[in-house]
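Assemble chains B and C onto chain A, guided by the hints.
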Amino acid sequence: MKHLLSTQDLSLGDALRILDTAEEMSAVSGREVKKLPALRGRTVVNLFLEDSTRTRISFEAAAKRLSADVINFTGKGTSVSKGESLKDTVQTLEAIGADAIVMRHWGSGAAAQLAGSGWITSSVVNAGDGTHEHPTQALLDALTLRRHLARRHGTAPRGTDLSGMKVVIVGDILHSRVARSNLWLLTTLGAEVTLAAPPTLMPVGVEQWPCQVTYSLDEAIASGPDAVMMLRVQSERMHEAFFPSAAEYTRSWGLTDDRLALLESAGADDAVIMHPGPMNRGLEISAAAADSVRNTALEQVANGVSVRMAVLYLVLSGTETAGTPDLVPSAARRPEA
Amino acid sequence: MQAVPRDARTVLSAADIDRALTRIAHEILEANRGPDGIVVLGIPRRGVPLAERIAAKLERIEPGFDAAAATGQLDVTLYRDDLRRSTSRTPAPTRLPASGIDGAVVVLVDDVLYSGRTIRAALDALNDVGRPAAVRLAVLVDRGHRELPIRADFVGKNLPTSTAERVQVRLLEIDGPAGTGEVTEDAVAIMDIADPATAVGKDAR
Amino acid sequence: MSPTAPRYLISGGTLPDGTTSDMLIEDGLLAAVGPEARSRAEAGDGPLETVDASGRIVLPGLVDLHTHLREPGREDAETVETGTRAAAMGGFTSVHAMANSTPVADSAGVVEQVWQLGREAGWCDVHPVGAVTVGLAGERLAELGAMAASRAEVRVFSDDGMCVADPVLMRRALEYVKAFDGVVAQHAQEPRLTEGAQMNEGELSSVLGLSGWPAVAEEAIIARDVLLAQHVGSRLHVCHVSTAGSVEIIRWAKERGIEVTAEATPHHLLLTEELVRSYDPVFKVNPPLRREADVMALREGLADGTIDTVGTDHAPHTAETKECEWTVAAMGMTGLETALPVVQHALVDTGLMDWAGVSRILSSTPARIARLTDQGRISAAGVFETGAPANVTVYDPNVRRTVDPATHATRSRNSPYRGMELPGQVTDVFNHGHPVVRDRALATPRTH
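Chains as they are written, first to last, in my numbering: chain A, 59 to 395; chain B, 221 to 425; chain C, 7 to 454.
Bear in mind the hints are in silico, worked out from the structure with no lab data behind them.
Ideal Cβ positions, reconstructed from N, Cα and C, are used throughout, including at glycine.
Some hints could be false.
Not everything, but these chain C residues come out facing chain A in the computed CB check (under 8 Å) [claimed, not checked]:
| id | residue |
| --- | --- |
| 1 | E209 |
| 2 | G215 |
| 3 | G218 |
| 4 | C330 |
| 5 | T333 |
Among the chain A residues that face chain C by a calculated CB cut under 10 Å, a handful are [as the list claims (entries may be wrong)]:
| id | residue |
| --- | --- |
| 6 | S166 |
| 7 | A170 |
| 8 | H190 |
| 9 | W267 |
So that you can see chain A by itself, here it is in the shape it has in the complex (with noise of 0.2 Å):
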């Protein structure tokens, strides 16, 4: 696997591997040396040019635990927001001997085109593009999901898939990253995804998805949901028209106390809440909801380190060779309908 760029590129054998390799990853980071050397004398480079400490934060744990050397490179203060080109700022990392790029950026497609551009030669991994795509964020959520599914079953989760898993992911469809990157990879491993939002925040041809579409929070939760995911919004969207009031949303989308109840009550007893974060406790998710026991918030950070140590592992190992065949991903797959 040379890049990480979308999840929508990512077939199952490619996703199951990753998720086992982050297993593993896992079970490292529980024992008392929690460091290996499988990426000494490595370099990755943290090229974030727009502001997440979060995500930076998790790669460069990630990245450490391997033993690779760590450069962060912000877009604040630095030459690219001195109107430095991309296609410049990255040849400079690479002379400075940056082995993967790990990119944070503002605009759609700006990894993609990174790793198609024929500018470098390193291994590029998206760390979020714009409102395009979020894959280890999507990869770290499956990776709890499946771990869940797994405690439940009470088997272990290597090798295994979502299939049967119902999850709903409530909110910003419109401008979330991490929702197309949950949809392809969630439906890829067999999960049936359910998109709850007002319609002014529904992507245009979201019908075409390999999802179900509800306007209404309440049905979707009465429907019993494995899952409930909550995605961030943003209070500013309601100066755009895309929905009234604060107010309005939180009574209509908001995972509310009432809300909470119900899913007590009609979702799965183990059903859990998501949350990619930073909350908004208030406005998408209440206090309690997010307080609840239900909330994997944590156990996501954590597995957020794994699956990015699995994704720099996977990227960085075997690359003087061609790479095996089935990383190699195949051009706009789309996951079935």
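What follows is chains B and C alone, placed relative to chain A:
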């Protein structure tokens, strides 16, 4: 799944393999002056069933030895020195006895000893999960061509080979219908490979 | 042109009406077409050059209503000199230079400068397009009358790149240009519906996470403008129509007798939004590449006359404005040197149109819309008018070539067809009787 090439020459039969493992078990007990403190760790993939078989034999010889409680596996993937060159592998789980390995006499088990690099990686991996009193090495086949100062304590069969040959170990647990293959009995075979540069196969190091 | 200037006999070419015929160019005019061309050529005196056009198509010189020459202001992307070289190589004998230069072509001074630069270059007639509003700002009318009365004799007015969104301003512009038989060419794009738009709005834009440019933003403006044109009895030209819905609205307007003409670009006749999956900014253009169904509707619209003309919207950009992230890359593609091959590929080779149709959409109709009297002098059936200025393009439809932008005459390299195989090549171009292209290469410019 390992196919069985037509030009493969069987050098150890199932019975040979079983006898070799029995002898190794006896040698382990003899060297250790009994079963105390022994932990048997297989190196995935084919070292794992071999470790389990040796542990079962130890238990048969010394009923005081609890095979289930003293057997495990040690994955070395993330400690290899060829990660850049080889295609990336999915690491296998590392499973240690509940009592850990601190102070234990760890017997590492692998199928083929070749360059010694896998064992070098295993020693590093072992170092990160505990501090054994001693580490021993048992292999089914030693084919020579060492690249590091490493030798096995217990060897099933010394097999002189050329680098243009490939040693293939077939075990029912992995290569049989219970695993991922169609092999009907254990065997060790030797065969020519066209290009010695590719001789360093997944089970050949 | 002096009387001793060479005369040219274009021999054995296939004319748009399907006949094979000779053609004589003398004193800058099309002196004879048919059997008398050769006899007259042999009878006359002075040097005679013969252009072997056997197996080739002889077309009236092409007229582009929509070209960005970038000068003044962005001479690093294109100049009048390089842009008209590209035009000549593409078979164009007349181009209309859009007004969005720096400074904007919103005064007699700027349009005369561009017109003068075109004359000095000598590769192709250059007709400046005047801005509708001052600075393209959409706030107050530019001095349309002064531009019309200038030496540039502007007849086409457009804020292209920006939409004249204010309905009152649009109404006034449509009315005002009637005084000198001008036409307003509208860039139909409702601005609020397309804020931050990056590509065609649809399922694919949702997948790619790029802000959508919905078809309705084009169609709503076209619908409004045809009703305005009807109301004030003016003629309207719609630039770069890109959606099936727009074709429907224009068809409806024409059926009602509204004086509307419309243009489609070559790229909208061939390329679709699927190319955006690569996030390669060379495919970023405004209006954006649309769906396959839109491409087919535009082709049919051209075939049935709903769409009147193909305008290149040749939009050269420097490498650095394209070698960057999709979301900040410049919009636009070069097109002058690939227009005729794309039209052949999309319309002729598909059987939708014959070469008389190509003459109509790429020469006579755009000339009529722009009120040019020295271009496009050919009948609907494809019969050249003798005695007219000799603007002639000889085209070899039988070669196939892989597009290599590095070989193009334009200063910029942002061709979306890079690496694609397209049919046809312009071999010779006569601008007012002067050979600006001979044997597939630039010859010499025409001097005034």
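Structure-based check of each hint:
no.: 1; hint: E209; in the structure: 3 Å, holds
no.: 2; hint: G215; in the structure: 3 Å, holds
no.: 3; hint: G218; in the structure: 6 Å, holds
no.: 4; hint: C330; in the structure: 6 Å, holds
no.: 5; hint: T333; in the structure: 4 Å, holds
no.: 6; hint: S166; in the structure: 4 Å, holds
no.: 7; hint: A170; in the structure: 5 Å, holds
no.: 8; hint: H190; in the structure: 3 Å, holds
no.: 9; hint: W267; in the structure: 8 Å, holds
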